[in-house]
Amino acid sequence: GAVVSQHPSRVICKSGTSVKIECRSLDFQATTMFWYRQFPKQSLMLMATSNEGSKATYEQGVEKDKFLINHASLTLSTLTVTSAHPEDSSFYICSARDGRGQYNEQFFGPGTRLTVL
Amino acid sequence: GNSVTQMEGPVTLSEEAFLTINCTYTATGYPSLFWYVQYPGEGLQLLLKATKADDKGSNKGFEATYRKETTSFHLEKGSVQVSDSAVYFCALVNFNKFYFGSGTKLNVKP
Chain A
12 GAVVSQHPSR VICKSGTSVK IECRSLDFQA TTMFWYRQFP KQSLMLMATS
62 NEGSKATYEQ GVEKDKFLIN HASLTLSTLT VTSAHPEDSS FYICSARDGR
112 GQYNEQFFGP GTRLTVL
Chain B
58 GNSVTQMEGP VTLSEEAFLT INCTYTATGY PSLFWYVQYP GEGLQLLLKA
108 TKADDKGSNK GFEATYRKET TSFHLEKGSV QVSDSAVYFC ALVNFNKFYF
158 GSGTKLNVKP
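Taken in sequence, the protein lines are chains A and B. Going by our numbering, the first residue of the first sequence is number 12, and it counts up by one from there. Going by our numbering, the first residue of the second sequence is number 58, and it counts up by one from there.
So that you can see chain A by itself, here it is in the shape it has in the complex:
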């Protein structure tokens, strides 16, 4: 099946710094990528949808200036958490949709654990 990678898998940063998380589709071109946030023992919450070459669409309640998303190519999307604070600590998961396949076929990355001290 299609593979989606995320980097880094874990990151610890100080409060006030910015952190960038990469999401790559390794063997397919992803016309659309999605970013989710998962709180401990809870489900995934969709944060935003990004389409290659255009601005991301954010879900209600998600601060677009705090969570910057860039989908620069068909295989790479980045999420930058700006001026991170402890409440931003979470598990961030991306998924990518294969433009060639069924419209609802999404492949998930392994996730990035962010800890803000």
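Worth flagging that the hints you see were computed from the coordinates, not collected in a lab. Since the structure is predicted, the reported quantities are computational estimates derived from the model, not experimental observations. Even glycine gets a Cβ: it sits at the ideal position worked out from N, Cα and C. One should not assume that every hint holds.
Said to hold, decoys possible - As a list, the in silico EDC-like pairs of lysine to aspartate or glutamate whose alpha-carbon atoms are at most 16 Å apart:
1) A/K25 with A/D99
2) A/K52 with B/D111
3) B/K154 with A/E116
4) B/K154 with A/E70
What the hints assert, rightly or not - Pairwise CB distance ranges (calculated):
5) B/A74 with A/G27: 44 to 52 Å
6) A/A13 with B/K162: 24 to 32 Å
7) A/G64 with B/F152: 18 to 26 Å
8) A/E33 with B/R124: 34 to 42 Å
To be verified - Under 7 Å between C-beta atoms, here's a sample of chain B residues computed to sit facing chain A:
9) E72
10) G100
11) S159
12) G160
Since the structure of chain A is already known, use the hints to place chain B on it.
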């Protein structure tokens, strides 16, 4: 609107026991239904899916049938193993957007 409700966990079973994790949904239109599994510290892995009513998804001994009349997609396995211990998420896709249930943690004891 679109939403998924699944049974709260944790579910604790002995090895070789029968597993059922209930999942019901509300949706407009004709969603596709999925079960994902998440092992500790990892992302989600697709376990099985069904794209239309009465379809049965199956994989690794797990099964789920898309029941439109009861708006359900219950996950079953006849004989669980310790290695099945994980969190299981029921999800639906409608208009290209995923909606996840809250997850059910399964603990299988030897």
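Hints not upheld, ascending by number: The structure conflicts with hints 2 and 9, although it agrees with all the remaining ones.
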